[in-house]
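First to last, the protein sequences are chains A and B.
Counting in the working numbering, the first sequence runs from 328 upward without gaps.
Counting in the working numbering, the second sequence runs from 328 upward without gaps.
Derived by calculation from the structure, the hints in this document are not laboratory data.
Watch out, some of these pointers could steer you wrong.
Heads up, the list lumps identical chains together, so a pair's fine if it works in one copy or across two of them.
[Said to hold, decoys possible] Straight-line distance between alpha carbons at most 25 Å, and here's what the computed SDA-like set of lysine to any residue pairs gives:
hint, residue 1, residue 2
1, K349, E440
2, K374, N346
3, K403, A447
4, K388, A375
5, K683, L602
6, K419, I442
7, K374, E440
8, K330, S385
9, K441, H514
10, K349, K403
11, K403, R378
12, K388, N362
13, K683, G723
14, K403, D432
15, K330, W734
16, K388, S425
17, K330, Y396
18, K330, P487
19, K330, E488
20, K374, K403
21, K518, T453
22, K441, S559
23, K374, K388
24, K391, R378
25, K374, Y396
26, K391, L333
27, K391, D656
28, K611, A562
29, K388, N356
30, K388, V475
Protein chains: 2
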Amino acid sequence: MQKENLQKLAKLAVRIGVNIQKDQNLVVNSPIECNAFARALAEEAYKAGARDVSINYSDEKFSKIRYTYADLDVFKEVPDWFVAKQNAVVEKGSAMISVYADDPDLLKDVDPEKIKTASAAIQSATEAYHMAMMNNECRWCVVSVPTVGWATKVFPGVEPETAVDMLWDSIFKATRADQDDPVAAWHQFNKSFEDKTRFLNNSQFVKFIYKNSLGTDIEVGMPENHIWAGGSEKAADGVEFFPNIPTEEVFSAPHKDKVNGTLVSSHPLVYNGQLIDNFSLTFKDGKVVSYQAETGEEALKNLVEASEGSNYLGEISFVPYHSPISNMDILFYNTLFDENASCHFALGAAYPTCVKDGSSMSVDELKKAGLNYSTTHVDFMVGTEDLSITGIQADGTEVPIFVNGDWAI
Amino acid sequence: MQKENLQKLAKLAVRIGVNIQKDQNLVVNSPIECNAFARALAEEAYKAGARDVSINYSDEKFSKIRYTYADLDVFKEVPDWFVAKQNAVVEKGSAMISVYADDPDLLKDVDPEKIKTASAAIQSATEAYHMAMMNNECRWCVVSVPTVGWATKVFPGVEPETAVDMLWDSIFKATRADQDDPVAAWHQFNKSFEDKTRFLNNSQFVKFIYKNSLGTDIEVGMPENHIWAGGSEKAADGVEFFPNIPTEEVFSAPHKDKVNGTLVSSHPLVYNGQLIDNFSLTFKDGKVVSYQAETGEEALKNLVEASEGSNYLGEISFVPYHSPISNMDILFYNTLFDENASCHFALGAAYPTCVKDGSSMSVDELKKAGLNYSTTHVDFMVGTEDLSITGIQADGTEVPIFVNGDWAI
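Using the sequences and the accompanying hints, generate a full structural model.
Have a look at this one:
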């Protein structure tokens, strides 16, 4: 059963996720531990007409050895061939599926300065590639399958093998891979996003006011001609795809300079291998002016100071508190799942597609349109059972968008 | 115990194999299944002072999927970034350890034309890199650890787990990793090569005559100023290293145009995933003029026709029939072990270091000196219990080199 569902999930990532086209190439990024799934992706891609598939295997246990032993300076370097390899994905119009299955605890004892340095060096060296991906010049998809390290974090106190099985079941359920025809289910599911994005796009709210009992109290201004998206997106070539499997969010870009107030986290966040929990961020005219964290304040500092624009918001995202994933009541320690269980924001880059004609704008034009620019993009969760979100229209009309954590429209 | 020996074997590969130097980089090529060993290599390298380590993971089960589904044309392409990546190994003076653990049967049902095409395209695109490696511009080492696919081929009919354990034990024994201080044992062992290489280099035999009851009957001429090597070699930077762990061979380069007669195989050979067994090759003035094989004649044809120079000999190698590896009486289906259990030759490239001043010669100069040039280099075994090898000196004196399969000097 598990093997059958694994194949279904692979098919889903290939046909719904990146929607592979005849004679297109597919690049798979996968932890070595997820090799059975990576191979299933390859097989499904070829069956769907892909011209060629390549797999980039990573090994986080080796990464830990490297972070432990190598000097800080080493992490400042990014080989030219690596940059060329990433750019080739865009140049060839390949699709890319990334299997995301980090052990949330693995890097907790590693010097955060090394992780920060490595992350900044790679983001900076591969900026063109990242911007192209953010701009949907290629079709890409993030999907997760269990590893022992991750599963035992999500389900502590059970045997590793059982934890892995439990995580598989949760993933199959969250992704609908356990249904008879997951591809058909996703086509059906996609329709549920349409009403909401149409309403939000037509309303063109000038700002949203968030409040809850945790202490979130913030006004988030929106850029003119912003666009809400959810479910499938369209890539530059006009072909539909789903960047995330699962996905429950309806999202856009806030105006980078029009955010004032405080956001309080509702879920922990794993950033560069460090856990950040019970944290808050206070904004003035868009910029983070103060922050604190009960756990991982140093990591939060590293996030806020990671790069240009990492101290501004780049994404605003609506997810009902009673989303199917949220209803599982599992803390996944994995953004792909946790972000789909809660309203969230991202520090860092905005998606250019979130403003009219944004795909063809230069960085300066995007900034002028109010969109934040950064090489960082990190989601964090703020949704609670009592969250209210009120939309304010240009004429001052107040419209309840979320009441008690769920959609009010 | 196995874990302890694994660590010792890793240390051996790092300190004796590539003899890593302070602040040098190490590149590891490893099958994903050998990840524990790859990580041990990384850890030992950092402990030995390496600046940085990178691991290139490969997945032969994915390769099989690719060979099964992708069109022939796909295998003609080698990405520019891949060539740049290989060249960077040489440019940076990195050391390279390759973990060689192919499942000998995995690709047997794959279209050999695809494998041949892929192999030729990669060899041609990365020619500069291969020549640099053949010329010891970098220190490199090939070492093997078990995989299930390989172990169950070597030890058929036993449980996979037992087969893997048996193969580990054989490898530890063959590599001396089971000894208390393997590094010291290798330094001691290296001395045993010195008498033989000194004698052979001083003698400067003009040719060797091979005969045995299998049908081998051949004269192999040698170039002027040829050099015999065995045990450790010196890289371009003067630092000693062992390209193979284990190694039992004393080898040089034959004169490419002075080989006349027939060689009959004593061991099967796995080439590009295809088994070639009970085969013979007949040479005239150095060139293969006919060949036959009971098993895998098509694969043998592909080997002989693989590239320029793949139909000439590039290596002559002496290994006693009663070598420690040979005495194990195990058919490893892995050239690293089988070549060290038997006298052998290679079709294809000669090592430039096998002729005086060869390291600084151009390809044309090497050819003029009698050394074969090719992007192919494939060893095949001819040693038997009754093999005799007679060296002929310039004045016609005959000197027995091997009698009844073993050294006579």
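Comparing the hints with the structure gives:
Taking the shortest Cα distances, K349 and E440 sit within 25 Å of each other only across copies (24 Å), while inside one copy they are farther apart (44 Å). With identical chains, the CA atoms of K374 and N346 are at most 25 Å apart within one copy only, with a shortest distance of 12 Å there and 46 Å across copies. Proximity of K403 and A447 under a CA criterion of 25 Å is satisfied intra-copy only: 8 Å inside one chain copy versus 36 Å between copies. Taking the shortest alpha-carbon separations for K388 and A375, only the inter-copy value of 19 Å comes in at or below 25 Å, while the best intra-copy value is 33 Å.
Neither within a single protomer nor between protomers do K683 and L602 lie at most 25 Å apart by alpha-carbon distance, with minima of 36 Å and 61 Å respectively. For a Cα distance limit of 25 Å, the shortest separation of K419 from I442 across copies, 24 Å, qualifies, whereas the shortest one inside one copy, 30 Å, does not. Only between protomers do K374 and E440 lie at most 25 Å apart by alpha-carbon distance; the minimum there is 21 Å, versus 44 Å within a single protomer. Taking the shortest Cα distances, K330 and S385 sit within 25 Å of each other both inside one copy (23 Å) and across copies (23 Å).
Within a single copy, K441 and H514 get their C-alpha atoms no closer than 43 Å, and across copies no closer than 38 Å, so neither meets the 25 Å cut-off. For the homomeric pair K349 and K403, the shortest alpha-carbon distance between copies (19 Å) is at most 25 Å, but the shortest distance inside one copy (39 Å) is not. Taking the shortest Cα distances, K403 and R378 sit within 25 Å of each other only across copies (13 Å), while inside one copy they are farther apart (35 Å). Taking the closest pair of Cα atoms, K388 and N362 come within 25 Å of each other both inside a single copy (15 Å) and across two copies (9 Å).
In this homomeric assembly, K683 and G723 come within 25 Å of each other (Cα to Cα) only inside a single copy, at 23 Å, whereas the closest approach across copies is 89 Å. Only within a single protomer do K403 and D432 lie at most 25 Å apart by alpha-carbon distance; the minimum there is 24 Å, versus 43 Å between protomers. In the homo-oligomer, the alpha carbons of K330 and W734 never lie at most 25 Å apart, since the shortest distance is 36 Å inside one protomer and 56 Å across protomers. In this assembly of identical chains, K388 and S425 lie within 25 Å of each other by CA distance both inside one copy and across copies; the values are 18 Å within and 19 Å between.
With identical chains, the CA atoms of K330 and Y396 are at most 25 Å apart between copies only, with a shortest distance of 21 Å across copies and 38 Å within one. Taking identical chains as interchangeable, the C-alpha atoms of K330 and P487 lie at most 25 Å apart whether they share a chain (18 Å) or sit on different chains (22 Å). Taking the closest pair of Cα atoms, K330 and E488 come within 25 Å of each other both inside a single copy (15 Å) and across two copies (23 Å). With identical chains, the CA atoms of K374 and K403 are at most 25 Å apart between copies only, with a shortest distance of 21 Å across copies and 40 Å within one.
Within a single copy, K518 and T453 get their C-alpha atoms no closer than 35 Å, and across copies no closer than 50 Å, so neither meets the 25 Å cut-off. Taking CA atoms no more than 25 Å apart as the test, K441 paired with S559 passes in neither setting, with 36 Å inside one copy and 37 Å between copies. Taking the shortest Cα distances, K374 and K388 sit within 25 Å of each other only across copies (17 Å), while inside one copy they are farther apart (32 Å). Proximity of K391 to R378 under the C-alpha cut-off of 25 Å is restricted to the inter-copy arrangement: shortest distance 15 Å between copies versus 35 Å within a copy.
In this assembly of identical chains, the alpha carbons of K374 and Y396 lie at most 25 Å apart only when taken from different copies (8 Å versus 43 Å within one copy). Taking the shortest Cα distances, K391 and L333 sit within 25 Å of each other only across copies (20 Å), while inside one copy they are farther apart (28 Å). Taking identical chains as interchangeable, the C-alpha atoms of K391 and D656 are never at most 25 Å apart, the minima being 30 Å within one chain and 41 Å between chains. For a Cα distance limit of 25 Å, the shortest separation of K611 from A562 qualifies neither inside one copy, at 34 Å, nor across copies, at 61 Å.
With identical chains, the CA atoms of K388 and N356 are at most 25 Å apart both within one copy (16 Å) and between copies (16 Å). In the homo-oligomer, the alpha carbons of K388 and V475 lie at most 25 Å apart both inside one protomer (12 Å) and across protomers (22 Å), since each shortest distance falls under that limit.
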